[in-house]
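Using the sequences and the hints, build the whole thing.
Now for the letters of each chain:
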Amino acid sequence: MGEWPLIAGQIFNGFSVASLYVLAALGLALSFGLMRVINMAHGEMLMLGGYLAYLTLQVVPGPLGILAAMPVAFLGAAAVGAVLEATLIKRLSARPLDTLLATWGVSLILQQAARNLFGAIGVDVRAPQWLNHAYTVPSGFLEGLTIPATRLFILAVAFAVMGALSLLLARTRIGLLVRAVNQDRGMAAATGINVRAVDLSVFCLGTGIAGLAGVVLALLGPVTPNVGQSYVVPAFLVVVLGGLGSLKGTAIASLIVGLFSALVQILVDVSLTQVLLLLFVIGFIQFRPQGVVAVRSRALDA
Amino acid sequence: MVMRGMYKPVGLVALLLAATSLSAPVAQAADAVKVGVLQSLTGTMAISEVTVKNAEILAIDEINAGGGVLGKKIEPVVEDGASDPAIFAQKATKLVQDGGVVTVFGGWTSASRKAMLPVFQKLKSLLWYPVQFEGNECSPNIMYSGAQPNQQILPALQWAVEKGYKSYFLIGSDYVFPRTANLILKKHIESSKLKVAGEEYVPLGGTDFSAVIAKVQAAKPDIIFSTLNGDSNVSFFKQMAAAGLPSAKLPVMSFSIGEQEAVAMGPSLVEGSFAAWNYFQSLDTPANKKFVAAYQAKFGAGAAVTDPMVHGYVDVYAWKAAVEKAGSFDPEKVRAAAVTLDYLDTAMGKVKFAANQSLVQTGYIGQLDPTGQFKIIWQSKGTIDPDPYDPLVFPGKKCPAS
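Here the protein sequences come in this chain order: F and P. In case it helps, the numbering used here puts the first sequence at residues 1 to 302. In case it helps, the numbering used here puts the second sequence at residues 1 to 402.
I should point out that these hints are in silico values taken from the structure, not numbers from a laboratory. Because the structure is a prediction, the values reported are computed rather than measured. We put the CB at the ideal spot given by N, CA and C, even for glycine. One should not assume that every hint holds.
Stated by the list, open to error - Derived contacts from chain F toward chain P, CB cut-off under 10 Å, selection only:
id	residue
1	Pro-63
2	Ala-82
3	Thr-136
4	Pro-138
5	Ser-139
6	Gly-140
7	Arg-151
8	Ser-166
9	Ala-170
10	Tyr-231
11	Leu-237
12	Ile-282
13	Phe-284
Below, the structure written as structure tokens:
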């Protein structure tokens, strides 16, 4: 195996890591874009998705368990998101710093709840047999290049979620309302749009996507009470780099981060890659503080 | 008048005498000797350390049931290190200085040991440390019962060489133990004219192994030596399986996966992989069967027993034997006696402390079965003398003469 398969493999891995980040970050970008809420409990929605996958696999074992777990986790996390929005965030939405603190508290409570319910050592969620293999290029100049089926599956899920989300925002009445509220909250309210209902549904959608992401992340990582913490930091990084609140920016930033880490890792190890990645993001934000895609919203003018 | 006045002080003395006799049960406590048990009962290390604390308390209870040490009952003072090296140092000071303990059993991470070391040196006390570590340290105030690198890592290499593996890939979490362990491994692999196919580090808790696995696939090693710690292991084994490289295809030798970790990760995920320790629960000796039965009777029938737990348990018994030999609880005399003890017959086989205060013990290689237990497939020829300073990596470095 020469240089080319490794480089091609790393480009694929870059896309794969980007698909993980975009799934982890979309919900965060949604709720920030519309409501300017920084949800520190977002990582715990990913964790919740992982545990819901575990529970679903207890009820539906076998090859289709993971497919059944995705809607379950989406709805479960959306329901928890609804409770969180209606009881806490709604009351604090005018005070960004307070939401930050309050959602951090929620994050700690959810972690401890998972610890009490399932134990501190995590549960076992495994990829089904039909995903547990890899495609290998048999000959040619890319001989030896391996593409894991699990990573292809997650890539497909990421594309499906992004496609569905952009269709929802561009083509449906709900999307129209969301865009209206996003552009000018006051004016939207004045034209009779129920701004509260829009807020609630967007927040639920965001946490639901995080729950779904938790299921596919469990195929490649652990399901433990504190697993959300390992994804929420890259998710914030991607949202900031992408331009706060822009979905297109989040997707592009995920790809930048994914490809950057994957290609740099050909030369150096993971620890140094993280240092270089953070330096790169700091440099980028210095020259382009608005992120990859600048969002023009009255909500962000204040 | 004068006579009557004389009775008053006599009465007072009588009262005082009565008070002293009333306080006799309190004075009984002087017939107990206090020892410290200092492990993380909260925080990220609690999962592992609580079980070591349990094993240490079990040994203390057993000794007390058999009459104690030098006619005194052992009174354990349990403190929580809270997974924080600074708190370990603070609690160690509290135990020795204010708590009046004669010795302390505890510690897990190298960071916690390094934080406690100056405390024990300054207060001239003695710490019994139960976990395998990277060596390169030799304090007269610490009894190192966990394996030195030449008792865990090098036996694993010896086994792999005997198996005919020629190309080695080293993967570790990014902190002192994996870095030092791999430094030692590299020197020994190279001096044996074998090949280091790659060396990669991932931050503690890291979840992305895509690039590491790509490099493994490009390097095509015969075996992976893993010093990954904690949850990263789950990500690593899942992503290896996803990339079509389960343990059956590319063997993995882990230095941080014991019975407890295997159960936590889901045994089928790590089935077939190898581990090197100085004790496995499956060890088939009467002493081990007795220990496992006693532990499970107290802490639950399915409770897993691991290498560090047994080291904690053995430490308490070694301390008892040393105290009895010294005829004193004085830390300095106990240390002098401990390194001249004969072999003790323990759950992990025959062990004794060498002059460098580390444990002479046997190295084992196990392979994980589907239930999370290890099948012992190799053991060192007899016991291995501990060596804190690897001659290839730290030439000429010796323990200070005590």
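Check each numbered hint from earlier against the structure, then list the numbers of those it violates in ascending order. Structure breaks hints 1, 2, 4, 5, 6, 8, 9, 11, 12 and 13.
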